[in-house]
Amino acid sequence: MSGNLLRIESLVVQFGGVCAVNGLNLEIENSEIIGLIGPNGAGKTTAFNVITGMVKPTTGKVYFLNNEITGKTAPFIARSGIARTFQNIRLYDDLTVIENVMVAAHSSVSYSFPEAILGIGRFGRDERRIRIKSMELLEMMGLERLASEKADSLPYGSQRKLEIARALALEPKLLLLDEPVAGMNPAETSDFAEFILKLRDNMTIGIGLIEHDMSFVMNVCDRMKVIDHGVEIAWGDPQHIRNNQRVIKAYLGEG
Amino acid sequence: MVKENPTRDKLLTYMAVAALLIFLWYAESHFSQYSLRIINNIGIFIVLAVSYNLINGIAGQFSLGTNAFLAVGAYTSAIFTLSPEEKIRSFIIEPMIWPLSEISLSFPLSLLLAGVVTALIALLVALPVFRVRGDYLAIVTLGFGEVVQVVANNVVSVTNGPLGIKGLAPHTNIWWSWGICIFTVYCVVRLINSSYGRAMKAVREDETAAEAMGINAFRIKTLAFTCSAFFQGVAGGLLAHLITTISPSLFTFMLTFNLLIIIVIGGLGSTTGAVLSAILITWGSEALRIVEEPFTFFGYDYSGIPGMRMVLFSIILILVMLFARRGIMGRNEFKWSVLLNRFGRQSKSEARTS
Ligand SMILES: Nc1ncnc2c1ncn2[C@@H]1O[C@H](COP(=O)(O)OP(=O)(O)OP(=O)(O)O)[C@@H](O)[C@H]1O
Ligand SMILES: [Mg+2]
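Listed in order, the protein sequences are those of chains A and B.
Just so you know, the numbering used here puts 36 at position 36 of the first sequence, and the rest follows in order with no gaps.
To convert, take the position in the second sequence, counting from 1, and add 255; that gives the numbering used here.
In short, the hints are calculated from the structure, not lab data.
For glycine and all other residues, C-beta sits at the position ideal for the given N, C-alpha and C.
Misleading hints may appear alongside valid ones.
[Stated by the list, open to error] Facing chain B, a subset of chain A residues (Cβ under 7 angstroms, in silico):
1) E9
2) V12
3) A78
4) S107
5) G124
6) D228
7) V231
[Said to hold, decoys possible] When the alpha-carbon atoms are kept at most 30 angstroms apart in a straight line, the in silico DSSO-like pairs for lysine-lysine are as follows:
8) A:K133 with B:K342
9) A:K150 with B:K265
10) A:K150 with A:K133
Sequences are here, hints too, so could you generate the full structure?
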């Protein structure tokens, strides 16, 4: 069966009268980069919100590692191995850069609450482990020198990178990126493309990404799905998508 | 430039605590009864401010229930330290129900019990409130404060009703209040520097993003609230055995309001700020007692207006909200390296000028 990592079956999401997602199917395999593209309001972010448990679907099912996760809570899904970033960056603004990453390591903490307030037992060792691991992630994203700055003092591009470092601290098996290169310049974008490919190869995780930057998506994605008004209009490798008439129409408009 | 250095900082902290203990020991034998009373009050108010800041400032959940938790703690510990004979003598309207009438515990055990009972009651309040998202905590805790008053007034066979409980042994001395104060500050500082504390702050900053990173916001909020209530319950026990008489009218919303002023002036979210502000406000409100007492000012007879201090504090609060939103500390915490750097710079510039 395909979709061993993630499988979405005929997903429908309605907000009042608006049908944001209408019968979407999507499959992501291990070590695969899947692009989700479509015009504004197509329902891409909503699809991510359903996968990560932030929005309850009207109908349809979501399977992760062949277990159904439809309607489970966001923290449960995150702990099972799905991490995400947000289209409109959502960091913990008043925490430092390294603290932002360390927060996401909370689920891996082995010390209990009493050990924490008395500073005994597994507390010291585990706290060091989290700090070292978080620092490594910051180094990976090139943010190590900003570790003790407040998150909201970072420039836009670095905030996007910090969100990814934070997501990786969850040690996810599936990483969902919502417009990761929005606001980056072409040089940063091509660096980031390289980074994504390396990440997939080194960590063997599946990646789902939403992006409007076409050359970026075409470069990094193995396959992509195009949706419009919540409905799938095309599915295939970048070459196939590039030449698809319906896609061209959806992007350029009917006129 | 002095850097952070864990070994040195730990040593300095121990030295500071030792200095504090020496001061307390000196104060105990040299200070007046009145001054000692203020020092006791300060210790207890630090416990209250630091634990109140934990739920309001660190976890960002607006609670107004401190007066209720203080009452629960005070009554619990008072009920358990009275001897059976004293209970028969005090409960004149209605005798105390069995088995409470027979049980009598030592002071430390009664404090522990006060904390545990208060924490359990807080847990019961938290479970329904935190299940739903939104700012219901303020309203529910406010209502809970009223419920506690009504219970204290009417469940006469447990609380002795409006008469209150009198003649408690004055167990609370500066060693108890400051011992527990140091313990509380230690625990809370440890907590906020642990993964649980970071999770609390993450929930405060962005609950959705916290949940997306695997943090169970419901659990974390409940933990912060219950933990805060535990320390407030213990503080209630200390207070009861300091003033030796408690009654329902003692635990009004004004107490919570005072604490709110303290943590806002200290800097919401800063434990250091809560400590400094608790000292400042507790001491200040004693010093300001003169504005409520009659005195002569340049031949003009001032008769003293009761409640004037509250007016002054409210004005201070308004001024802080208008001009110094972040309070004394903002969300910063005390660090030895910062203090040493400030000293270093000062002595260097002094050396240059002389
Ligand atoms: N919580 C919500 N409540 C009501 N309507 C919503 C909600 N979230 C999304 N929508 C609506 O659902 C539709 C799809 O929105 P969505 O954010 O998924 O689009 P998108 O494909 O991510 O677009 P963009 O490229 O602009 O980010 C839009 O019409 C939007 O207004
Ligand atoms: Mg979107």
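So, going through the hints one by one against the coordinates:
Taken as an interface hint, E9 of chain A does not check out: its beta carbon lies about 23 angstroms from the nearest beta carbon of chain B, beyond 7 angstroms. The criterion of a C-beta within 7 angstroms of any C-beta in chain B is not met by V12 of chain A, whose closest approach is roughly 23 angstroms, and the hint is violated. Among the interface hints, the one on A78 of chain A holds; its C-beta lies about 4 angstroms from the nearest C-beta in chain B, closer than the 7 angstroms criterion. For S107 of chain A, the suggested interface contact is upheld, since its CB lies about 4 angstroms from the closest CB of chain B, less than 7 angstroms.
The beta carbon of G124 of chain A is not positioned within 7 angstroms of any beta carbon in chain B (closest approach about 10 angstroms), and the interface hint is therefore violated. A cut of 7 angstroms between beta carbons decides the hint on D228 of chain A: the least distance to chain B is about 27 angstroms, and the hint is violated. Hint status for V231 of chain A relative to chain B: violated, with the closest Cβ pair at about 27 angstroms, above 7 angstroms. A C-alpha spacing of about 59 angstroms is found between K133 of chain A and K342 of chain B, which places the hinted pair above 30 angstroms, so the restraint is violated.
Of the supplied pair hints, the one linking K150 of chain A and K265 of chain B holds, its CA atoms being roughly 25 angstroms apart against a limit of 30 angstroms. Between the alpha carbons of K150 of chain A and K133 of chain A the distance comes to roughly 19 angstroms, so the proposed pair stays at or under 30 angstroms and holds.
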